[in-house]
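These protein sequence lines map, in sequence, to chains A and B. Start counting at 1 in the first sequence, then tack on 1, and there's your number in my numbering. Start counting at 1 in the second sequence, then tack on 367, and there's your number in my numbering.
Read the hints as simulated data drawn from the structure, not as lab findings. These numbers come from a predicted model, not from an experiment. The beta-carbon is built from N, C-alpha and C at its ideal position, and this holds for glycine as well. It is possible that part of the hints are untrue.
[To be verified] Derived lysine to aspartate or glutamate pairs resembling EDC-like cross-links, with alpha carbons at most 16 Å apart:
1) Lys116(A) to Asp89(A)
2) Lys154(A) to Asp404(B)
3) Lys479(B) to Asp55(A)
[Said to hold, decoys possible] Residues of chain A placed beyond 10 Å of chain B at every Cβ, according to the derived structure:
4) Pro74
5) Thr141
6) Arg160
7) Gln164
8) Tyr168
9) Asp174
10) His188
11) Glu200
12) Lys216
13) Phe222
14) Lys244
15) Arg251
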Amino acid sequence: MDMNRREVLKQGSKFIILSGAARVALDAMNGETAPATDKYNTAEHWWAMTIDVDKCIGSGNCVKACALENGVPDGFFRTWVERYYVSDATPDRPEVDSPNGGMNGYPKIDRPAGKTFFVPKLCNHCADSPCVQACPVGATFETPDGVVLVDQKYCIGCRYCIQACPYGCRYLDPIKKVVDKCTLCYHRITKGLTTACSEVCPTGARKLADLKDPKDPVHEFLRNNHVEVLKPHLATGAKAYYKGLDGAVR
Amino acid sequence: MALVLATGVLVFLAIRQAIIPADFGKYGHYRAGAMKDVRARPISYAGKDLCEACHTDVATLKNAGVHKGVACESCHGPSAAHTEDPSGTKAIKPEIATLCVRCHEAEPARPKNFPQVVSKEHAGDVSCAECHKPHSPKI
Numbered sequence: 002m003d004m005n006r007r008e009v010l011k012q013g014s015k016f017i018i019l020s021g022a023a024r025v026a027l028d029a030m031n032g033e034t035a036p037a038t039d040k041y042n043t044a045e046h047w048w049a050m051t052i053d054v055d056k057c058i059g060s061g062n063c064v065k066a067c068a069l070e071n072g073v074p075d076g077f078f079r080t081w082v083e084r085y086y087v088s089d090a091t092p093d094r095p096e097v098d099s100p101n102g103g104m105n106g107y108p109k110i111d112r113p114a115g116k117t118f119f120v121p122k123l124c125n126h127c128a129d130s131p132c133v134q135a136c137p138v139g140a141t142f143e144t145p146d147g148v149v150l151v152d153q154k155y156c157i158g159c160r161y162c163i164q165a166c167p168y169g170c171r172y173l174d175p176i177k178k179v180v181d182k183c184t185l186c187y188h189r190i191t192k193g194l195t196t197a198c199s200e201v202c203p204t205g206a207r208k209l210a211d212l213k214d215p216k217d218p219v220h221e222f223l224r225n226n227h228v229e230v231l232k233p234h235l236a237t238g239a240k241a242y243y244k245g246l247d248g249a250v251r
Numbered sequence: 368m369a370l371v372l373a374t375g376v377l378v379f380l381a382i383r384q385a386i387i388p389a390d391f392g393k394y395g396h397y398r399a400g401a402m403k404d405v406r407a408r409p410i411s412y413a414g415k416d417l418c419e420a421c422h423t424d425v426a427t428l429k430n431a432g433v434h435k436g437v438a439c440e441s442c443h444g445p446s447a448a449h450t451e452d453p454s455g456t457k458a459i460k461p462e463i464a465t466l467c468v469r470c471h472e473a474e475p476a477r478p479k480n481f482p483q484v485v486s487k488e489h490a491g492d493v494s495c496a497e498c499h500k501p502h503s504p505k506i
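With the sequences and hints as input, model every part of the structure.
Take a look at the structure:
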């Protein structure tokens with residue numbers, strides 16, 4: 002009996018080792034070996050975004066650029082700009098509109114005295130993201146450099162993450178039937194470019210920031226201004242830092 | 368019985384080994400190759416540094432004026448294809464009628480210190496470009 006068990010374990014371990022080796026060989030044949038040397042090192046970056054609400058003019062350039070850069074389907078948005086109106090009479094009930102994400106401007110509305118301003122929104126690339134925790138298959142994840150991404154080959158389209166995101170930043174791609182969202186232009190920032198939205202912002206209201214880069218102006222921005230994140234009470238570790246954020250903003 | 372159980376375990380382990388990608392769990396509970404997939408996406412916006420490398424005259428004019436902070440592709444659209452094939456593809460020449468008002472039409476939600484006009488009152492039907500050159504708009 003002892004011999005049998007030993008034999009079984011011996012043969013079994015050989016099988017496991019050999020099947021692993023066969024898979025490595027197969028991957029090599031299919032060209033799935035490690036990529037060629039890449040200068041980008043995830044350990045050297047920790048990406049974030051800074052947004053100066055007082056500079057946003059609601060041009061909609063960011064929304065348009067995001068859609069063109071990332072092939073965002075019509076009617077869906079990875080970034081959008083909200084127009085807030087807070088009336089003097091009911092300051093606790095702000096009115097918000099963002100027609101087509103603000104891509105083509107905003108209709109003129111005659112309203113009584115109040116406060117009105119634009120607020121750009123995008124994925125907050127939370128460090129403790131509820132969407133990552135909700136994904137049942139490991140398709141939504143945070144990269145070592147602080148960007149929340151979706152593995153479209155793994156996503157099963159269950160939409161749990163869409164419900165989990167407190168900022169409404171995710172959508173189900175109507176064609177691919179998998180979840181998609183702002184990637185913080187991961188294909189650009191890992192090649193030394195800024196995000197498409199930051200690139201085209203005419204007033205510099207939104208800027209990509211690397212918190213691990215000591216020379217990045219983000220440190221001065223955070224140090225010298227009253228900065229807030231959206232829904233801080235949720236402790237999501239949001240990394241979209243807003244300057245001049247009104248208390249009415251949800 | 369033990370043999371059946373052991374075979375079952377081995378078959379399970381073999382299938383598990385075969386279907387889980389080698390890079391799953393490299394950094395966390397996800398497939399590390401997914402980052403490579405996202406990075407492989409093509410770039411549409413080349414970035415103003417690349418534009419200014421060739422169009423030095425326009426860059427000098429623009430960077431001396433109030434539009435110095437506005438990137439080329441804010442108005443001219445995504446131009447990565449143009450940077451790769453300058454003669455084959457051209458950047459967009461924007462329509463003045465819709466270009467300037469996009470940022471400068473009076474809107475209460477815009478910051479008060481940002482220059483804005485009610486275009487109909489300011490210029491009537493005269494095109495903005497009659498007086499203001501977009502690369503250097505100060506008259």
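Hints versus structure:
1. Simply put, Lys116(A) and Asp89(A) have alpha-carbon atoms about 8 Å apart, close enough for the 16 Å limit, and the pair holds.
2. A hinted pair counts as satisfied when its Cα atoms are at most 16 Å apart, and Lys154(A) with Asp404(B) qualifies at roughly 9 Å.
3. Note on Lys479(B) and Asp55(A): the hinted pairing holds, with a Cα-Cα distance of about 9 Å set against a maximum of 16 Å.
4. At the 10 Å boundary, the C-beta of Pro74(A) stays outside the reach of chain B, the nearest C-beta of that chain being 15 Å off.
5. Some Cβ of chain B comes within 10 Å of the Cβ of Thr141(A); the nearest lies about 8 Å off, and the non-interface call is violated.
6. Look at Arg160(A): its CB is around 18 Å from the nearest CB on chain B, clear of 10 Å, so calling it non-interface holds up.
7. With 10 Å as the threshold on Cβ separation, the claim that Gln164(A) sits away from chain B holds: the shortest Cβ distance comes to roughly 20 Å.
8. Distance to chain B confirms Tyr168(A) as a non-interface residue, since its nearest Cβ pair spans about 20 Å, more than 10 Å.
9. The claim that Asp174(A) is not at the interface with chain B holds, since no C-beta of that chain comes within 10 Å of its own (minimum 14 Å).
10. Against chain B, the non-interface label of His188(A) is violated: not every CB pair exceeds 10 Å, the least being about 4 Å.
11. Separation of Glu200(A) from chain B is inadequate, the least Cβ-Cβ distance of about 5 Å not exceeding the 10 Å criterion.
12. Separation of Lys216(A) from chain B is adequate, the least Cβ-Cβ distance of about 17 Å exceeding the 10 Å criterion.
13. Every CB of chain B lies more than 10 Å from the CB of Phe222(A), the least distance being 16 Å, so the non-interface label holds.
14. The Cβ of Lys244(A) sits about 12 Å from the closest Cβ of chain B, beyond the 10 Å cut-off, so the non-interface label holds.
15. With 10 Å as the threshold on Cβ separation, the claim that Arg251(A) sits away from chain B holds: the shortest Cβ distance comes to roughly 16 Å.
Comparing the model with each numbered hint stated earlier shows that hints 5, 10 and 11 do not hold.
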